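Student: Protein chains in written order, with this note's numbering: chain R, 1 to 337; chain H, 1 to 119; chain X, 1 to 169.
Among the hints, a few may not be true.
Below, in silico cross-link-like pairs of lysine to aspartate or glutamate (EDC-like), each with a Cα-Cα straight-line distance of 20 Å or less [to be verified]:
1) R:Lys173 / R:Glu269
2) H:Lys77 / X:Asp147
3) H:Lys48 / R:Glu269
4) H:Lys77 / R:Glu269
5) H:Lys77 / X:Asp115
6) R:Lys197 / X:Asp115
Looking from chain X toward chain H, a few residues come up when the C-beta cut is under 10 Å (computed) [unchecked claim]:
7) Ala17
8) Ala25
9) Glu84
10) Ser112
11) Trp143
12) Ile145
Treat the hints as calculated values from the structure; they're not laboratory data.
Remember, predicted model here, so these are calculated numbers, not experimental data.
Quick reminder that beta carbons are idealized off the backbone N, C-alpha and C, glycines included.
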Amino acid sequence: MTDDSGTLSIDFIAGFTIFLLAFIWVLSMIPGLLVNLQGYTIDYDAVAYRTGVILVEDPGWPASPPWESQQNFSVTRFGLAITRDTPNILSQEKVDRFFSDTSVYGAFAYPDDYHQRVIFGDYPYRFNISLLDVETNELQSVGDVVPEGYGYIRRVVKIKGLSNATVDAPLYKNPDNNVTTHEFSILVNNSGLKDQKNPAYEIDPARDQIMVNITNLRSSLDDSAINITLTKINVYKVDAGILSLVRTFNTPYIDGNSSTTQPPVEVKENVSLKFSPAFFDILNAGNSPVYINLSFNLNSPSRFLNNTWTSPFSYDYNPAHVTQPRLRDAMVEVAVW
Amino acid sequence: MARLNDDAQWIVLMGFLVSFSFFFLALVINQSTVVGQTTAESVIEFPKNDIRDVRSVIHQSLNVASPVFNDVESDIKIISMNRKSSVVNYSFFSAANATYIQIHYNNGVTEYNENWTIV
Amino acid sequence: MVKNDGGQLYTIEGFAAGLIMVITAYLVVNATSVYTAGDTHINDMQLEALGSDALKMMDVAPNSTNSETPLQRIITGLNPQDREEFKTLFLKYTNTSGSGPLHDIQFNASYSCRDSNDIIQNVPITNSRELTGGEHVVRATKWVIVDKGCYTAAARDRAVLVEVLLWRD
Chain R
1 MTDDSGTLSI DFIAGFTIFL LAFIWVLSMI PGLLVNLQGY TIDYDAVAYR TGVILVEDPG
61 WPASPPWESQ QNFSVTRFGL AITRDTPNIL SQEKVDRFFS DTSVYGAFAY PDDYHQRVIF
121 GDYPYRFNIS LLDVETNELQ SVGDVVPEGY GYIRRVVKIK GLSNATVDAP LYKNPDNNVT
181 THEFSILVNN SGLKDQKNPA YEIDPARDQI MVNITNLRSS LDDSAINITL TKINVYKVDA
241 GILSLVRTFN TPYIDGNSST TQPPVEVKEN VSLKFSPAFF DILNAGNSPV YINLSFNLNS
301 PSRFLNNTWT SPFSYDYNPA HVTQPRLRDA MVEVAVW
Chain H
1 MARLNDDAQW IVLMGFLVSF SFFFLALVIN QSTVVGQTTA ESVIEFPKND IRDVRSVIHQ
61 SLNVASPVFN DVESDIKIIS MNRKSSVVNY SFFSAANATY IQIHYNNGVT EYNENWTIV
Chain X
1 MVKNDGGQLY TIEGFAAGLI MVITAYLVVN ATSVYTAGDT HINDMQLEAL GSDALKMMDV
61 APNSTNSETP LQRIITGLNP QDREEFKTLF LKYTNTSGSG PLHDIQFNAS YSCRDSNDII
121 QNVPITNSRE LTGGEHVVRA TKWVIVDKGC YTAAARDRAV LVEVLLWRD
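Pulled out of the complex, with its shape left as it was, chain R reads as follows (with noise of 0.2 Å):
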């Protein structure tokens, strides 16, 4: 039989269907194929790693003064670490401001803010950025919440933590009974503190926040019902030889508040001084010594803190007087997606 004309009508209709729905289910299958392939498996652990490899070995730009100092418009690239020549050791003040401490300048917008500074890639990216300290099991986190199947990278590193002093008052005490106004003073000695040729264990006031906690002060006198007042505090710049007076400070914290009081301000046991490294920019003091000046007040005559009879507190390497910056472990984590 030569005749073939029953293709045409029902045959024809649903092969032709079937082939349709087979070709668009395949070409519905080709998109999902390729963000398999090309999304997360591969690119997403590759754009992890990069991030990784942006945030804890490079310090980030602007590298002087640090981007961790600038307004949230100038950073132009995150990073965590200290210095090029220090990997997987990350600065305080970095790590800070890096998970938002809206203190001075105002959070960073997630995610644009950091896509442009530590992502990069035109593909919008979503992110989590976060860091175990180990020690205190405290985790810090920038981004969404992770879902399934993302990249990811994982570095161990560590923080250096901040250097802080502990003065006494008791120790200090002048011999001479008969004064009301008491002078204690501190000496950064900036010169003497690039000894320390390692960053990792360096303390660098422009980079990292110095603190000086005064206590026991009413032990060091000799009647406690005595009124303490800090009057002032001066801060001195030796340059070209010459002490002169470059400004006050006037963002002490007194006996214990969480807020500071600018002086003159009655004081009962003790004063807490936290130097910004923006404090320490502006003095731009490089090389030469930084001398701080307390000034108190006694409403009766007595013996109390004060060393200018005998020298300066210095804010210096020796571990006996001031805590040393420690380096603790710490994880950072990123997930890409």
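Put chains H and X on the given structure of chain R with help from the hints.
Tutor: Then chains H and X, alone, in the frame of chain R:
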């Protein structure tokens, strides 16, 4: 075909179309796996950690006293050659208040040279 | 409809072709998910980065007052406690996990040094599990300068290469 017959050319045409589309699809998929391989592989192949490590051990070795220094230098060169299959060579000289170091590293794939000054 | 049974074979052919296409598409889709050879390299990359980081962090003293890093102390002493400390430290660094996935990482550590005849000796340090040969391992290395010769404790600085083989369980 069911019979020697030149009908049903549509089906044959579509058959060609589908087979070609599969062919190109396979090509694209093939490419994408190659990309993935090279991204991760090149990370492994590039001896960033080795170079950093050699650099830091050379830096440390400068603090070693002089007769032993040559031993440490040979240690670095010979063990690098044997265990890491890489040529490491370095020399240095100290001027008034700085030390100049020249480092050469070559593992057959990556070659790295650096002139480095320590103040 | 015209009563005509001449097109039946064509109908069967059409179904067969449709079926073949569906099966082909299914095979292609299935095959590609196994096809990602890049995966193993990504694992290697992550493991190598982690191993190098761990060794690097073991070679950092926590404080400027420490004259030796933990890794230097372990290699110099190399008594049973030191070996145990190496294992504890290394596993602490590799297996601690914050928000990310848990890893079950095993390792085998040794160090290479040069003896008086310029022969490279390999001294085992410790391992978390014996290497059977079936594992897919990556290697991480770290240079250390220690007060120790090869085998005999000659009290002079020598450079040794600490090598760790890591794998996932």
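Student: All hints are to be evaluated individually against the structure, with a verdict given for each.
Tutor: Consistency of the hints with the structure:
| no. | hint | in the structure |
| --- | --- | --- |
| 1 | R:Lys173 / R:Glu269 | holds, 15 Å |
| 2 | H:Lys77 / X:Asp147 | holds, 18 Å |
| 3 | H:Lys48 / R:Glu269 | violated, 53 Å |
| 4 | H:Lys77 / R:Glu269 | violated, 61 Å |
| 5 | H:Lys77 / X:Asp115 | holds, 14 Å |
| 6 | R:Lys197 / X:Asp115 | violated, 33 Å |
| 7 | Ala17 | holds, 7 Å |
| 8 | Ala25 | holds, 8 Å |
| 9 | Glu84 | violated, 25 Å |
| 10 | Ser112 | holds, 5 Å |
| 11 | Trp143 | holds, 4 Å |
| 12 | Ile145 | holds, 5 Å |
Taken one by one, the earlier hints fail for this structure at numbers 3, 4, 6 and 9, listed in ascending order.
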